[in-house]
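Residue numbers (full-length UniProt numbering), protein chains in the order written: chain C, 1 to 671; chain A, 1 to 671; chain S, 1 to 671.
In short, the hints are calculated from the structure, not lab data.
Think of the CB as a built atom: it goes at the ideal place given N, C-alpha and C, for glycine as much as any other residue.
One or more hints might be untrue.
Said to hold, decoys possible - No more than 25 Å apart at the CA atoms, straight line, and that leaves these computed lysine-lysine pairs for DSS-like:
1) A/Lys-540 / S/Lys-4
2) A/Lys-544 / C/Lys-544
3) A/Lys-544 / S/Lys-358
What the hints assert, rightly or not - For each label pair, taking beta carbons as the anchor points, the in silico distance ranges come out as:
4) A/Gly-414 / S/Glu-377: 46 to 52 Å
5) C/Asp-261 / A/Gly-88: 43 to 49 Å
6) S/Glu-438 / A/Gln-517: 55 to 61 Å
7) S/Arg-585 / C/Glu-97: 52 to 58 Å
8) C/Glu-97 / A/Phe-519: 51 to 57 Å
9) A/Lys-409 / S/His-89: 33 to 39 Å
10) A/Gly-414 / S/His-89: 54 to 60 Å
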Amino acid sequence: MSRKLYYGVAWYPELWEEEALAHDIAWMKEVGINVVRIGEFAWSTMEPSENAIDLTFFVQIIERLHAHGIDTIMCTPTATPPIWLSHGHPERMHVNERGEAMGHGSRQHACTNNGYFRTRSALITKHIAEAVGNLPGLIGWQLDNEFKAHVSECLCESCLSLWHNWLEDRYGRIERLNENWGTAIWSQRYESFEQVPQPGLAPFLHNASLKTMYQLFSMEKIAEFAGEQAAMIRSYSAAPITHNSSIAFHVDNEKLFQGLDFASYDTYASASNYAAYLINCDLWRTVKRGTPFWIMETSPSFSGSLESCSVPHPGGYVRAEAVAAYALGAEGFCYWHWRQHRTGCEQPHGSVLSAWGKPTIGFKNVLEASLAKEELEPLLLATVPMQAEAAMTYSDRAKAFFRTEPLRKLNYRGLVTEYYSRLLEMGIHRELIMEGAELRGYKLLLTPFLPSISPVFLERALAFVRNGGIWIAGPLTGGRTEEHTIHTNEALGQLEKLAGVETVYTYPIDGTGTVGQAFGLSASLGMWSAVFEPREPGAKSIGKIRNGGVAAGLSFITERAIGKGKLVLLGSMPVGEDGDAMLKRLFAYYAGEAGLKLRTDATSGTIVAPRQGDGYTLWVIVNMDGAGGSVTLPQEGTDALTQARLAAGQLTVGSYEYRIIRFAGDGCEPR
Amino acid sequence: MSRKLYYGVAWYPELWEEEALAHDIAWMKEVGINVVRIGEFAWSTMEPSENAIDLTFFVQIIERLHAHGIDTIMCTPTATPPIWLSHGHPERMHVNERGEAMGHGSRQHACTNNGYFRTRSALITKHIAEAVGNLPGLIGWQLDNEFKAHVSECLCESCLSLWHNWLEDRYGRIERLNENWGTAIWSQRYESFEQVPQPGLAPFLHNASLKTMYQLFSMEKIAEFAGEQAAMIRSYSAAPITHNSSIAFHVDNEKLFQGLDFASYDTYASASNYAAYLINCDLWRTVKRGTPFWIMETSPSFSGSLESCSVPHPGGYVRAEAVAAYALGAEGFCYWHWRQHRTGCEQPHGSVLSAWGKPTIGFKNVLEASLAKEELEPLLLATVPMQAEAAMTYSDRAKAFFRTEPLRKLNYRGLVTEYYSRLLEMGIHRELIMEGAELRGYKLLLTPFLPSISPVFLERALAFVRNGGIWIAGPLTGGRTEEHTIHTNEALGQLEKLAGVETVYTYPIDGTGTVGQAFGLSASLGMWSAVFEPREPGAKSIGKIRNGGVAAGLSFITERAIGKGKLVLLGSMPVGEDGDAMLKRLFAYYAGEAGLKLRTDATSGTIVAPRQGDGYTLWVIVNMDGAGGSVTLPQEGTDALTQARLAAGQLTVGSYEYRIIRFAGDGCEPR
Amino acid sequence: MSRKLYYGVAWYPELWEEEALAHDIAWMKEVGINVVRIGEFAWSTMEPSENAIDLTFFVQIIERLHAHGIDTIMCTPTATPPIWLSHGHPERMHVNERGEAMGHGSRQHACTNNGYFRTRSALITKHIAEAVGNLPGLIGWQLDNEFKAHVSECLCESCLSLWHNWLEDRYGRIERLNENWGTAIWSQRYESFEQVPQPGLAPFLHNASLKTMYQLFSMEKIAEFAGEQAAMIRSYSAAPITHNSSIAFHVDNEKLFQGLDFASYDTYASASNYAAYLINCDLWRTVKRGTPFWIMETSPSFSGSLESCSVPHPGGYVRAEAVAAYALGAEGFCYWHWRQHRTGCEQPHGSVLSAWGKPTIGFKNVLEASLAKEELEPLLLATVPMQAEAAMTYSDRAKAFFRTEPLRKLNYRGLVTEYYSRLLEMGIHRELIMEGAELRGYKLLLTPFLPSISPVFLERALAFVRNGGIWIAGPLTGGRTEEHTIHTNEALGQLEKLAGVETVYTYPIDGTGTVGQAFGLSASLGMWSAVFEPREPGAKSIGKIRNGGVAAGLSFITERAIGKGKLVLLGSMPVGEDGDAMLKRLFAYYAGEAGLKLRTDATSGTIVAPRQGDGYTLWVIVNMDGAGGSVTLPQEGTDALTQARLAAGQLTVGSYEYRIIRFAGDGCEPR
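All chains should be modelled from the sequences, with the hints used to inform the complete structure.
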């Protein structure tokens, strides 16, 4: 439980004169800002020429903020190495998949695996940690900025060499790599690790294993860099460390945050796609369990750059975002950024104050959200988000598999968000969990879009099922080995065996006009599909293909009782409006089977974040779509803000309105 | 006439363990496979390190297949040189039009004109030919795989030097090149052959002659490579040699197959575009006259790669494909591929068995087609495809001209296929013939989309006309010289003179709202057009422009009687539904004039392949669109499978059904 | 006032044999051609090998033309350096933004800043000027061809070095650059000028200042090259010098033409976009005041290249173009080109004669336009275009700002053309003027899309207002400094202060559903917007936001009386049909306020070009859209061609028809 809620902004004091700084701090106080994030890109200010490191300015800023009651999150500036590191050194720069080296002047232009970059990053971080690591007001650290947001894998010579080492560590002998990747195909076979290329230009596609492994290598290396940086900071500072990450970047967030202390992320989802905003809350809450997460960046109104600008958020939406985030477990909610950039490529980006120090179009949003936060703070600090009963697997490793194998332009993030949005609409309190997460406390586990299931995951999921859990696996789950190859004993490997079925066919079902039937509903089926025949005792068909030529009569949904629970296979994706209804019916059915209680009855666009107090339940209700709606109160409750008594039954919620309802006891009955 | 029909698959035994091989061969027998194609990409298996060549495995495979009654087509593996050839040798690799060298790990990454590549290719092919060239069961050879499928012209240094030699051979003196290409334009003029660039990066378009000649150079060189490889094989083996080509690749199939022994090709057309499937049968039948062709690759259900997948064929369609192919002259019909790849980038591609050795969604298709082939075999072996009376010119050289000069994104293959599809729909038995093909036996010659007409072609076509043939030339025919320049005496050069007309204007007619009238029909005109005024005796207008400003009253179709025949000029493309009707009316009119008899009356989507027996005619009727239809039997016949008597008149054909009808005598009367 | 009107063609005699040349000259006479443009790309003809310069051919051509009564404009051939300059010298070639050097064979392949290129360009130009500079018949010079049409900024090593010098000249000390560009952002900071990169490859966007300054540098350098070339010519020839430029190219036309003697340009606008044709006449008339402009290239019917072709102009349209151009101030009207190219990449381009020397589809157009020119010549030579009362600012510098900062793909040329088209439709006689143009004679100044207002411009515009002018600034005007950064005192800098308002917010208003009200009309607002609150005495709101959340009640149009005139701010763009109406109402309102008299009442698609004679007015009326229309004659007049009396009131104009009306006195009353 937090001591307080943080309400923050990113600030770049090194870009402004003293007059602006005084003005800024005064206005921050006015608006209720209690934390700022600084230093992110300031390497050239800190070390204008090589080794001329001076951190006095930032020390003074932190002390000055502290004097005004504002805490600081200090950033390392490694996303933007100075010109003395990059000029004349193309070998230190990021190299794209065409083999082209980046130039100076943007971000992430250096290769984070370059030895000299690592040395200089360690040094500047050491100096920063020494200088500010124990200042009063310093409450945390952020490493770098948005790792791999602008770039994906680097193909420089440093990376080539590290790639060979990584492969040798993984495979030991080149023959093992050849066997695992099946390099006899197309005479790809390597005689030594030194010959294995990076996935650069080729006439046609590279081997799937090469493409996926290079992504895993790259993601491990950036986590390694983060770990090195964190270790350096920890030598000088006890403040917790995070990184402003995202599920949009080319990182393995699970690996990355293993070496960090708390979770944080950036999000710029549009108001019309609020599910893409909320999925973050339900994911990042679980990344570092027991430690609240932060929204490190979001826009006070709109985002923008020289080459784009988004639609400003409607009035009320930013407050709804803040309330939802805090209610779903956020400790910090921060804007990017405080004062509009005077120069550079993000001049058009939304901010709290303009470059001339006046309130922007987003200012009122920021003020409203601040007041809401003040109002909610005591209620939230006295409660914690309820643990969800339903968990959905999230995997950046799976994302890498889909990047290697998008088939018809499948996009992992989009697939996962759409799948998640159905749980959201159904009012099922849910969590997204990383592949390595423990399953204790859950009753229902959903694992869509996980091409490769690791033995560890399978074992854990199986134990979960044996103990009474229901695991819904699929679609597009289990069909690939960990080396991104095809199983050779059955289509879905060990998962298929456990499910007690035989996968009769796997094929791209789109365009074949195939219709599936399940739960009394019919729907067209889509995506690359696996269709089954139950084979083992206890396995049975739940959904069958009605037509579809040779596949007619085969199953696309099966279940099998295992121990006290069930393993459900979803082999295909019901699509369209009917498919949506079928999928929800499936979720509802197994939510019932699993005995889920944490499910609320709200109209679409309105969410409930249930929180547990000492002997009572708090519902934070927020309308996210601006259309207003209603929620069914399962029992009599109290408006926690006005103390008014509320009868059980329908409660109306206005456009972007939030309500806090207190119930005695558990309060959340399934409808 | 074939001894038998072949039904085959591509197989990669080098990728699997013994258990899988035994399983595979047993199932092949079960399914009726009587030929397999092996070795295609196996260079690294054959020669894992430089000079360590061992072909024992493939010898044993061929012997083993033979022992099971399965014949073999052996492939050379030169599409995928091993890592010892490519690693550290960017100068041996294919270079794209941006000047970027390809890396190892895909296919066609080496430059086929690189000297070392040629040397090593010759050596491995020599060893293979020596080792397997006389094994029983070896019935043929396939060179490489799909030349120039993934790449087009290479721009490496080796090619640059060969290009200069090629130019010197062609032009002798640089001044002749300068004159022919008109390089005084834009000061392109070269002082020596060494200065002539490859068509790489430039601020705007290159000279048309340069672009087209570089394509011709590239196509000649790949034919030269094929010729060298074939010669090497012939030193050791008498089995006939082919290549699995396509009209989609960057090759000159006419030149390529001059050095080979039989024609074969790959096709993955979708069921909804069955004309794109059938055009191959009607083309490849004529490429090596007197020798039946092979479909070397087609999908048992769907194609796929990491980044794409097609729609599975509807049930019954693959059988229809096989029946149509055999009936139209195929000796072999082969699938790609037998067993799903476990690794690499084509894991999602359809196959007969899955990677775990079970029947796939396409298996039933393969079985049905096998039964049909068994049923048809005696009937087809006793007959031969009737020679068509209508021939349509096909030219990969023309394709190169259109790639240089696409105007508004004109695509030669698409243009030709759409033009062809009208003959198909009209039931005109037809053949596509290469530019150099003899015209004996034809009554009607259609030559659309041939920008440059060679003197040899013109002379042959003229003789054909003099002897009574009707030649319909155009649209987009004759307007360029062989050097890809404009004629300077008249728009269409010698063709125009022969046609006895004057081309008054050539211009892009689309968007001008011009309407043409011919055969009592009106239709909008499209494409780059030539409009005429008859000038010489015997020349007359057949179609005129109704409006169109200055072009009103001019002709877009003319004809001229020459000797016993006629030369028809089609200067513009009638477009839309009305244009389609006009074009068919034109074809029907001249089919009548030419006295075509081989025309059948079938509903759209159903085709008839007429074959000649000893004193009788066989019609193989196939429904290709799944909608079923009917065919008018011109006289009483017999169902060749059931021996039932069939009256003249309408015969109904079910969805994807085939029927074999035997008629006494000639049997095909024009309706 | 011109001695005569010129009617010309581009001609490439170096590409043809003597027979063609004689034929060409005879036909030119026939058609009324009285000037030809030669030599444009003929460097390799003039200097086939290095230093072997021979200009005899061109001397003879000019003399021969002169003997036939045809004048010549001689071109320098520097757009196409010969192979001896480019071969083996990638360092002399243009380098694109990916760092790739261009090859020989197209145009503009050399870097115009390369030292050797400059040397050789100076030399060949010197020789040409010496040889032909004083020949009778030589009436003018054209430098190079379409500077920067195919390429934008060059990123070669020569340019890098010159860029550093340019920056040093501009900023003196690197710290000044750092401050002005705000390079503390993202640690871009440079320690010396040598470190400042060109805007090449980077992971994300470059600094706005870097991108814009590099464009200004490039545009200054090409103007410098033009200046050097002009100086060389002037040493040998008194004939005036121009360049065939365009607002589509990457040049600063204002700077470029400062060093030249008369304005000319190329245009290939389609007939359906005739505003894009006419905007040129209204712009280029003012570029070199007092000197008539030339249309140096336009198509006789259609344009084309190997990869494109346009729709042929409808019959009558080319004549309408010629009449409009001459009436709006053109002295010359020239086609590209006379005879269709036999070779190269522009074979499909429209011309007057075909490659075989016959009239093309455009020939009739050329003949009709020639007759119209003959008919108009005496009338036009006796009059001059009336000076417009309404001026609209045009700035290639602004274009550079938009290229750096397109936000949602804003395109300066498209924005300006659409804005201009409203003045055209409203019959307001108008001129486009460069930023540096004097404002004498104008009553209304429109300055849309000028992100950065220079102090000089502001001062001149302010003086204009004080003297009674009305200045409408915006939208998207004034929001950036000259360094492409944000103002820090207020949103619009000094402009805002003068307008007496406060910009309350700036933000992207699209998608917010915001509606503005002004002049009794309502319209949706779009584009990046600034919304105001009048603050100073005399400032008042003219248009307010009706809804729009926090911006409701703020102004998007304000005006302030300053001296005898007014400064109007337009902060947002009214969009859609309603927005179009509102904008026209705004223009009409301030046209009235400003006392504009030069406004004609014509139906849409018909224009009036008013000209001043000695005591009389001439209206040249042209229907440009082919639909015909009518014009209200404000008073009785005379048909200047037939001498018929015409009553005041409606005069009908046929499709593409032109009429010349003579009025006594001023003649143009506002309706």
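Hint check:
Our distance criterion of 25 Å between C-alpha atoms is broken by A/Lys-540 and S/Lys-4, whose separation comes to about 47 Å. Restraint check for A/Lys-544 and C/Lys-544: not satisfied, since their Cα atoms lie roughly 61 Å apart, outside the 25 Å limit. Annotation: proposed proximity of A/Lys-544 to S/Lys-358 holds, straight-line Cα distance about 21 Å (limit 25 Å). The hinted range of 46 to 52 Å is satisfied by A/Gly-414 and S/Glu-377, whose Cβ atoms lie roughly 51 Å apart.
Between C/Asp-261 and A/Gly-88 the CB atoms are about 45 Å apart, so this pair conforms to the stated range of 43 to 49 Å. A hinted range of 55 to 61 Å holds for the C-beta pair S/Glu-438 and A/Gln-517, which are about 60 Å apart. For the pair S/Arg-585 and C/Glu-97, the supplied restraint of 52 to 58 Å holds, since their beta-carbon distance comes to about 53 Å. Taking the beta carbon of each, C/Glu-97 and A/Phe-519 are about 56 Å apart, inside 51 to 57 Å as hinted.
Range check, A/Lys-409 to S/His-89: about 35 Å between beta-carbon atoms, so the 33 to 39 Å window is met. The supplied range of 54 to 60 Å is broken by A/Gly-414 and S/His-89, whose beta-carbon atoms lie about 41 Å from each other.
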